[in-house]
Every structure is written in structure tokens, then in C-alpha cells.
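*Asks:* For the record, the sequence lines run as chains A and B. At position 85 of the first sequence (counting the first as 1) the number is 85 in full-length UniProt numbering, and the numbers step up by one without a gap. At position 227 of the second sequence (counting the first as 1) the number is 227 in full-length UniProt numbering, and the numbers step up by one without a gap.
If you are wondering where the hints come from, they were derived from the structure by calculation, not from laboratory data. Ideal placement from N, C-alpha and C gives every residue a C-beta, glycine not left out. One should not assume that every hint holds.
Calculated pairs, EDC-like style, for lysine to aspartate or glutamate (alpha carbon to alpha carbon, straight line, at most 16 angstroms) [stated by the list, open to error]:
1. A/Lys258 with B/Asp251
2. B/Lys465 with B/Asp340
3. B/Lys150 with B/Glu138
4. A/Lys258 with B/Asp368
5. A/Lys258 with B/Asp331
6. B/Lys135 with B/Asp87
7. A/Lys258 with B/Asp366
Here are a few chain B residues that face chain A, going by a calculated C-beta distance under 8 angstroms [what the hints assert, rightly or not]:
8. Asn231
9. Pro249
10. Glu371
11. Ala372
12. Lys400
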Amino acid sequence: MADMATDPLLADITGPTPGQMLRKRIFGHQGLLIGAVVLGVLVLVAIFAPWLAPHDPYAQSLMARMQPPVFLGGSWEHPLGTDHLGRDYLSRLIYGARVSLLIGTVAALISGVIGTAMGVAAGYFGGRVDAVVTFLINVRLAMPVVLVALAVVAIMGGSLQVVIVVLGLLLWDRFAVVMRSSTLQVRGREYVAAARAVGCSTPRILMSEIMPNIVNNLIVVVTLEMAHAILLEAALSFLGLGVQPPTPSWGLMVSEGKNMMLFEPWMVMIPGVVLFVLVLAINLMGDGLRDVTAPENRS
Amino acid sequence: MKYARSNWTAAATAICVACAGSAWAGKADDTLNAAFTKELENVDSYFNSSREGVVLQRAIWDGLIYRDPATNEYKGNLATSWEWIDDTTLEFKLREGVTFHNGEPFNADDVVYTVNFVADEANGVKTQRNVNWMKSAEKIDEYTVRILLKEPFPAAIEFLSGPVSMYPNEYYAEAGPSGMGLKPVGTGPYKVIDVVPGAHFVLEKNETYHDSPKGQPEIGKVDIRTIPDVNTQIAELFSGSLDLIWQTPADQAEKLATMDQFTVANESTMRIGYLTLDAAGRTGEDNPFTKLKVRQAVAHAIDREALVNALLKGKSQVISTACYPSQFGCDQNVTSYEYDPEKARALLAEAGYPDGFSTDYYAYRDRDYAEAISSFLNAVGIETNFNMLQYSALRELRMKEGSPVSFQTWGSYSINDTSAITSQFFKFGSLDDSRDQEVKDWLDIADSSTDPEVRKEHYSKALKKIADQVYWVPMFSYNTNYVFTKDVDYTPTPDEVLRFTTMRWN
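Looking at chain B on its own, in the form it has when it is part of the complex (with noise of 0.2 angstroms):
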């Protein structure tokens, strides 16, 4: 019974504070009250890898180069412009008159400085696979510097209008990444007046902002609480303490919508959810997966239509590649399975199991979707063992031994390049479960070539044998809700990057 006591003490506290709050409530007072679900490690952008540190580092930092959300165009941002001057060297005029929030100057040194540390794998920025394509930079004279790269790399430019951005020199020499995590300074639309992990991050708008593509940001201050239970940050909204939550689920979302005091916005995101099948026999030799036939079956066992329609809802669509289709190169034109339990009943049974069989299935986040995915399996005799793992243990088992299969996603950190996704995952890397030399040789021609054409062509001879061959089978791309007050004018982008500097007060 001690539980069911904390209950209720969980909920007296919710609305206890929801009624504190309402007395800090958002447009009266310039402040936009927002909650995060998560605990964001380090404000650092290069050292943490979720989806909120990426919100906060494109308001507090920019980048080289911007790409507009809306057109997908590339556009100066501290660089006005740029030229590859060979295949592995890119040039860049910085736009002048720029400086940080804390008065430095931003100048051809801090692009030094901070491409030379980041690409410096010893520093130990999270995610490598952001920086690890640059060698180092060098400085050319006050506004001209030149990134140099270890290969050719034609997706540089799409790194470095997403999660490349530039800090100062001075500053971060001195501070580093846990001082830089604590008193965030760099040149974005919003600059960081208060950090209290565990509880909350204040940004006040940035006056001195320079003419970025951006834009300029208008709401004077924006706070934002982690929350990690949905119906809390529900209930705060309710009592006006909240101006916006995002990332809520399809079904509250919906109810939230019928409401006429918030805006419901949805919006498609690159992350897709996929079945990854053991092809390669990482778990076995005798492993049924290391059948086509039986993965065959796999794909034709799961209803992805209904799915999309009763679960994810919103903007999510039914994806057949090994990539998101806004991505360059990854052609739609592949082998798309139908839903058809009895053709899969008929194909495991071809492949000698006419009474399916029984494996271990793993899942690590939306235990609802990992659930009704399982049921399908089922439903055509692939009796399923679930097992639900935190997504770090998940991802050292896979790498270790290999899973016989496991629904997993990926957001391509929100590049809209193939090479994000696919080359990730069929390369011969730790988690890749195919192994296939075939699809590795044509991703290694893709991923370096400098010419489009080229590219294109081996990404769609890649993806076409791995649709072919079901080394995965794609079944959903991902959708973001985000929900807000009527004071609130705001219209999300498709990349799940909430943008603090378009939001506006109604």
C-alpha cells in the first residue's frame, strides 16, 4: 500500500504546483513557460546527444551555414559565404561585426579553435560521427578561414548547418565543456541567464542579435522546466503554469486538440521505427532469420498501415526504405511489403517452419508500438519473447552478440542525408546485422563521392537489395506534437527542432 500513498502525494503536489504557477503565468510577463520530458546532461551541444540539447543549441548557438527549414536551401549564417576550394577543402568568408553574449568578438580564431577541438577525438565530444569527418581548420586572415577534411565528405555542408556550431575561443579555453555546460555563451538569437540542472534553463532574447536567417527572436524570455511525467506537464497547462509541451503522445495530443483554450501542432520528424533482423547469423548460424523467406514473412506479418493510422497518428507515413524519404538519396523506389499474415503463415511454412517458431525481441522506447508490432508476429506464429531494455544496455548486447530481432529508431540527428542512416547501420559496424560486403562497397562509393549522380545511383542500389533482401524491415517515420496556449503563434518545422526565435505572442 506504500505505493498507492505516494500517489497521492504525487498528485497533491501537482497541483500544488499548479497553483504556485499560476502566478508567473506566460504573455503577461514577456515569459513562455516550456517543459522538457528529459534530463539533459550537459547544455554542452558537443556533449550530449539528445533531441533537447539540439533545441537549445540552436538558440543559443549558430552555425557556419543555416538550412531553411521550409526550403531545405542552405544560407549564410556566421559564414556569408563559401567554396570548396578542392574536395577536401572548404572556405569560408565569416560575416563581421558578430559577437558573443559575452561581448567577445567572433572572428576567424573561434572557427579555428573550435573545429580544431571538436575533430580532436581525445576531447571526447559525444557524438564523433558530427565532427569526425573534419581534420582541422586554418585560419586565412580575420574573416577567412578554411576547414580542411580527413576525405572527401558531401555531406559537410549539411553537418555544418546542423550540429557544427562555433563557440568562443577565449571563453571555452577557460571554461571548457562543463564550465561552457553551466554558463552556455555563444552568438544565437537567446543567451542563457540561469542553468539549475535537474530543474530549469531561462533564456532571455539576445537584443544584439545579428541579421541571421534565422530570423529575430521576439518573446523576451523563455523558461523551460523538466518534467519528466506527461500528465503533469498536462495538468500545468491546464492551470496556465505551462505555455507549450511537446512531444506529447498521439492520443493526449488528440484529446488536447478537441479543446478550444490549445493549439495542437504536428509535425513529421526524421526518425524512423524499423524491425532489424539478424541476417548474418550474429545469434546463431541456425537462426530463422538467417532465412529470407522467414524475414519475408516478417514484413508481411506487420499491418504498418494500421499502425500509422491507430497509433502514431499525425504526420507519421508508412516507410519502405532504410532511410527517411526527404533524405538525399534515398530512393522510394523499393520492394514495399504488403500486409498479408497468410502469405507470411505460407512463407514460413516454405521455409520449414509451418508451426513458426520462437525468438527473443527486443525493444527499447514506445513500449506500446513495440507491443502491437509483437502481437502482429505472433498473430502469423512467430511467437515472441519481449524483452524491454533501457536503450544503452540494448545497444551493448547488440553490439556484443547480436539480436535475433529488435525494433529500433533512428533520427539521423536531423540530417537530411542518406549517409546519416544508412551508411550508419550497413557498414560492417557493430550494430549492423547483415553484414552484407555488397551493400557496404556501394554505401562506400556513395558516401565519398563528390559528384550527386553518383551518389544517388549506389544509395538506390544499396537500398534497393536491402529492401530485397529484408535485412530491415521499415515499418513508420516518427511525428511530434506540440501543444500550446492560445497565446501562443507558433508553426513547427518538420527536422523536431523546437525553435524558440519563430514563436511569436498572439
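Extracted from the complex, chain A is given alone in its bound form (with noise of 0.2 angstroms):
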């Protein structure tokens, strides 16, 4: 048995390993670390939410309603002020980072798990299946998203957990179409045909050969409905049709903050743009792993 150092083959490696360069490419990229480290903040936040509110976010105080942010000459005891019922506005937001990172997370796995399996199939095994997967997509993309979350959960009354299955079923197009067109992109690869050729079994063949090849697309799409999810929960949130209150969401305190927009434009932007942060931090880190896991970008 050849001793490893002395391998002619492998003495002739030289430069960086796989692993060093994948981490030279994940720190020579901008958008990824700006939005992973923001991200990052933000899912801290949320889960150490009871420790870092510096007030029960449902503790109201009518005597100190609406006090201004303390760049807007209030005091510290409420650093972003109070909204309309005298909860800190601060806390609220803190909290309210939870129910945004919930519903985002929770909404692209279930829509994940569905439009993924759903594309796959499609892709590799064509035919019938792809038939029936391409009109289910077809039936599911001639429905507007928002009208349909909107009869729905005015149906079944909002929460928390009808948005989010709501959401999670109704945002699984984009996964199916792009999963499908990746699955055929490889499916006829040779490595595809040398492990069917040496007798691999389908489910195998789906796993460890197409998976790994695709996966770079499906991370863009998670990122890309994760952020979806959280602004059409916000959006729901805003027509009274999401989360329902007490709980605090970034949506609900645009809708209450709305009222008083010509007099205390704070109270909607602060949750704005603590709002448009986290979408754009989601979105810069999945171009980012797009970037640094494809294929291309390997070598």
C-alpha cells in the first residue's frame, strides 16, 4: 500500500483545498455577508426576544400613547417610542421579529417540501407525471396569491398558524417550475446514467446524484419565498387578515401605526424598514449562496 505522502497522484495537489476555497469564496462575496450577518442579527433577536424587550410587548399604558422615538425628542425609557395603545415600540418589534422569521421559515419548508417533491418528479420521470404536475402548476399559477389568502383566512378566521399554512400551501409554484426544469437539466447527465447503469435504486438516484446538482437553485427559490412569505404576511397583517392582535407583527404595526401617518410618519416607518431590512437581507443572501454554490463557480 502506497504511503499517501509519497502518492505521485496526490503529491501533485498543490494550492488550496476544496474546503479552503469555498470559504475564500463565502468571504470574497459582499451581498452574502451583508445579508447573512444582518440575518443572522435578526434571527438572534428574534430568539432571544424575552431578554433583550426591555418591556412586555403587550403591556399597555393608555396615559403614554403614541410618545415619539427618542431621535424625535422622547425619552429612553421607550427608545422607538409608543404606539397607539402605549406599548413599546421597541419590544413590539422585537417580538414581531419572530412572527415575521416564523411564518417566512415555516411557510418556505412546507411550500419547499411540496413544490420541490412535485418538480422533481416531473423533471425525472416525465410523461404522465410531468403532465399532471405541469397542470397542477398551471391551475395554481392562474390563482392571484393574495385574493385567495384573503377569501381563505377570512374564512377560517386569521392566526398565526392559518397564515402560515395558508402561505405554505399556496407558494409552492416557483419551487415546482424551477425544480422541474433543474431535474431535466441533469437527469441526462452521465453521472445520472452510470448510477442507473450500476444499478442504483430510484430513490437513491434522486438523492445523491440530482439532489446535490440542484440544490444551488432550490436555495435561491427558498430565500426568494422566504421573503415573499414574510411581506405577504405583512400585507395580510395590514388588511386586519393575518395575525391577529395582541401579537405583535411588522404588518399589523404598519396597519395601526397608518391612521396617524400624516401627523407621526414614524409609526409606520419604523416597522418599514426593519421590515424592508430583513427582505433585502434575505434576498442578498440567497444570491450570495446561489453565487457561491453553483456549479460554475466551483472551480
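Assemble the dimeric complex from its two separately framed chains, guided by the hints.
*Replies:* This is the structure we're talking about:
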């Protein structure tokens, strides 16, 4: 048995290892870094909300309503002011991160599982399976998401669970479309044919030959749909059909501040800006991950 | 991101409208520009049930009687005098020489036709309560008419001075409610020159208005547009394309009051806000609200003073009775429950809920008030599952299966009599959540007696029991803000009716 160090085949390899190259790609990508840091901070904020929030986000104080944030002449008692019921804005913002991230993650997960299963099956098996899945995708694309979500939530009543499930069941179309075409591209590759030739089972081919080669596309769709779900939740809550009060939700906060928009614009701007930052961070990270993991960038 | 773009479009549109609007500014061309928040389904006052409808009704039509909003004294309007012939017959002498806007003379035939038309349930008048106490009318001579009642109804005069207005018989027979809605014809201080559903209503001064207790109109034209968004209304007020807005939320009104160019007037209204509790157990036998101690705990949990001082503001007041204080028979001497969360928790524990309980909680308007109330309940351990429904949906739900606790309001159609509210909800109707036989019996006596003392006594008994048993938790009365430019001189009245007739230019 040849010694590894003296093996002429291995000895020739100089320069960075694949791991080093990956790290270089990650740290060389500004968008990815910014997105990841911002998202990471928001995730930490959401997780540690009970320790970070200066006040109980549900505690109302009618005598201290709509106090301005500290940069508009308010006090440090409420750094971002208070809302129309005298609840601390910063605390509600911090707890609201939980709602947004939870909805974004779980809805993207549900729709990801549904969409990926359908897309991969359609792309790999083709024929009738493809026809059925394509038909389902077309049906789904013909339905306006917001209208359907509004109708379902109006019938079922708005709550966190309902919103998550409804969005999860509605946002799988992009997963299915992208996964289907990605699978179509790789199913004819030599390594798939080789795996088939050596007698790998279909699930094994799908899991270890197809999936790893399309997962970079999946990541992009996951981030897009996560951002999409977060914005839809905000829109539904803004319309009063999403998360129900007193649960803090950024969309709900925008809606509650809307009436005073002419006089106290910060009530709309603060949750609006945070929502914007979160969605931007997710999209930046998604773009970055795609760049980093795409096969053409690996070498 | 799609809705973000539409917000910009809306803002841009608002600015354009505002610029275009300043071309037809108010005082210079004797046109008052006002805004309604809600769409009015039909101008015909018998076929809508909204506040906007009441405002137009008082401008376009007249009733036989008029109640002076300042003194609450009944004065003759289209009638000059009236007399009870017996418990169920009222005779009126009509004013002579009055003509409708289309030139049709007003006489007994108009009264007979109007009363017979609206009293017939088959014609589908929207608010049956306003008219279903009348049986029919008969003509005695050209200017004498009798209205026959189904049964003794002491509040008849109050209803005749409010929602029952007189229509021209020939025109109404031909046009019907839909024709009347598009081209309204009445005897009132203002005549309608244009109705564009969804856009605006244009009223013009009636130059030949009779010598009515409503006073003579002075402002030449009134142009009322429907603008649902309060922020848009305020923006147009800034730009000068609106002269008057009303029902402005307290917070915005407070900000506008600090500006020199506007007058903000505040008046109370007859509308009260209350919680109705499922004391009869309609949502389930074991419903916690069937226990008196739980209901008392709810009453003690809510800081009504804070609600009035911080949220409603203006001329709102804390209410303890299931009626508005100015209403006839609304005895104020009932049990009142002070804010005491400790006591509320203790009462819940005594009732067998030391850790509180969870319940569905419904509301249909004033989301911020509803939310503040639910926070008070949460604070003592009554965990509320908040449901905000449309008015019609909540009404339907309450009629069918009831609700454990819901935040309701009632404006009594500005009728200054306890029968318009307490009797509406405590006589085993489908919205009666308490079903107390004793209360119903007392109300029956009070509603039909013609002796004011007997009425007062029985309303008082009923109201006291309602308060002792906490079937309702009455909380506050509403108020309305009227915001207008310094060009306009107007003193609002406490009945939530916008009276163009008493407006003047400064």
C-alpha cells in the first residue's frame, strides 16, 4: 500500500483545498456577508426576544400613548416610542421579528417540500407525471395568491397558524417550476446514467445524484419565497386578516400606525424599514449562496 | 412589493386631486365642500340605515314635528299642532302653503301616502323599528290628518320628530325608493341637484323654505364627496378643497386643533359602547359568563376612565347604564363598578377560575378600543381570542349562536328614549344575551304605558337589575369631532347630525 505522502497522484496537488476555496468564495462575496450578518442578527434577536425586549410587548399604558422615539425627542424609557395603546414600540418590534421569521421559515419549508417533490418527480419521470404536475402548476399560477389567501383567511379566521399553512400551501409554484427544469437539465447527465447503470435505486439516484446538483437553485427559491411569505404576512396583517392583535407583527404595526401617518410618520416608518431590511437581507443572502454554490463557480 | 407601488400611486393621486381641488374652494363661490367617510347605499332615508343617510334626510326632508336639539323641546314643523285623541290615535293640523322641491303642494294626502307606505312591512323599509309602531294614517280634511298606532307607544312623538319624514305622494308613487334615491324630492331646507353614487351629492339652498324651526339655510351650495380614507380627507382639508370633515378620530382631531386655520368642535353622541356577556349561556351551559362573579370581574377589570380620557377624549363620558343618560327613563342611579384588577382576580378565583380562562372575544368597529379592552381583560387572566368581524357577520353570528363576550355599540338612531336601546336588546330578541324574564316584563310595561311616571319607574327597575347582574358592561359614550376651516361658522349639536342649515360663512 502506497504511502499517502509519497503517492505521486496526490503529491501533485498544490494550492488551496476545496474547503479553503469555498471559504474564500464566501468571504469574498460582500452581498452574502452583509445579508448573512443582518439576518443572523435578526434571528438572534428573535430567539432572545424575552431577554432583549425592554418591556412587555403586550403591556398597555393608555396614559403614555404615541410617545415619539428618542431621536424625535422622546425618552430613553421607550427608545422607539410607544404605539396607539401605549405599548413599547421597540419591544413589539423585537417580538415581531419572531412572527416574521417563523412565518417566513415555516411557510417556505412547507411550500419547499411540496414544490420540490412535485418538480423533481415531474422532471425526472417525465411523461404523465410531468403532464399532471405541469397542469397543477398552471392551475396554481392562475390563482392570485393574495386574493386566495384573503378569502381563505376570511373564512377560517386569521391566526398565526392559519396564515402559515395558507402561505405554505400557496407558494410552492416557483419551487415546482424551478426544480422541474433543473431536474430536466441534470437527468440526462453521464453521472446519472452511470448511477443507473450500476443499479442504483430511483430514490438513491434522486437523493444523491440529482438533488446535490440542483440544490443551489433550490436555495435561491427558498430565500425568494421566504421573503415573499414575510411580505404577504405583512400585507395580510395590514389588511386585518393576518396575525390577530395583540400579537406583535410588523405588518400589523404598519396598519395600526397608518391612521396617524400624516402626523406621526415614524409609526409607519419604523416597522416598514425593519421589514425592508429583513427582506433585503434574505434576498442578498440567497443571491450570495447561489453564487457560492453554483457548479460553474466551484472551480 | 406590489402594494408599495400602489401606495405611491395613491399618494400621487391624492396630491393631484388636492391641486385640482383648490380650483373650487369654498367661501368664494358659496359652496361648502364636505366629506363623508362611508358610502351611502340609497339617499331615500327609509332605505338606508347609516348616519350619512340621517344627515341628508334632515337636510332634504321634514318631519311633522321637530325636536330642538338645544332644548329637547318638540316644535311643529310640517304640522302646526298635534293632539292625542286616545292612546293609539294622534291628530295633526298641517302647515299650509308648503310646497315640495318639485312644486307639488304639501297636504294631508302626502302624509297619508307616506305613512301607509312605510308602515306596510311588505314595502321593506330598512329599519322597521322606526316605522312599525304605526298602523296607518287617515285624512280628515285637506290639512288635518290622523295617525293610528298599532298599540300605545309613548315614544311616538320622538320618532315622528326623527326618522319619519314626509314624502310627496304623487312623485313617490311614480318614482319609488330607487327613483327617490337618485332624484330626491322633499320639503327641506336643501334640495338635491345632483346624486352621483360613489362620487358626490350636491345640495342647493331651498329659497322658498317655509318658516320652519330648523331655521333658514344660508350657504348656497353643499357638495359632499365620499372619501373613505381619513388621511386623504385631512390632506384635502390642508389643500383647501374641503371645508368640513367630521367623525374625525380623536388623535387626528387633536393634532388639527393645534393648527390655526381649523376649528375643531367636539360634541357627544347618543352612541354608547358596551360589552355584552353571554349570561344566558347561549354559547354553552358551562360558559364562564353564566356566573355572576365572572361578569362582575369583567366589570371591575376595565379602566373605563382611562378609555375615555386617553382614547375617546372629547365629550365622551363613562357610562354605567344600558342606555344614554339623556334618554327618557335612563336612570343613572345604578350599581357602578370601579376599576379594580385585584378585585377582578379575586372574583374570578371565587368563581372557580383562579388561573383565569380563555374565551372568544368579538368586535366589529374601533379596533383600537377593542384591543385596549381586550388588554384589560388579559391583564386579570381572561385570555381573549380576538376576532374582528364585519358588522353584518358578527350580527349574524350573535343571532344564531351568540358570542361569549363581544364589544358592541348602539346609537339609538338618535332617539331620545330608553325604549330605543334597552328595550331593543333585553326583550328576548335574537340579540338578547341575558334572557331575563323579569327585565322583559318591566320593559314591556315601560314601553307601552302612557304615564311617564310608570315608564320611568319600570325602566329604572330594569336598568338596575341589568347593572346588578352585569348582563352588559356599559363603558363609554362616543363623541364626534367636526373639523372645519375658519371660513365656516358652525355649532354642532349633541345628536350626531350634521346640520347644513345652521352653518354660516364667517
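*Asks:* Can you list which hints this structure breaks, lowest number first?
*Replies:* 2, 5, 12
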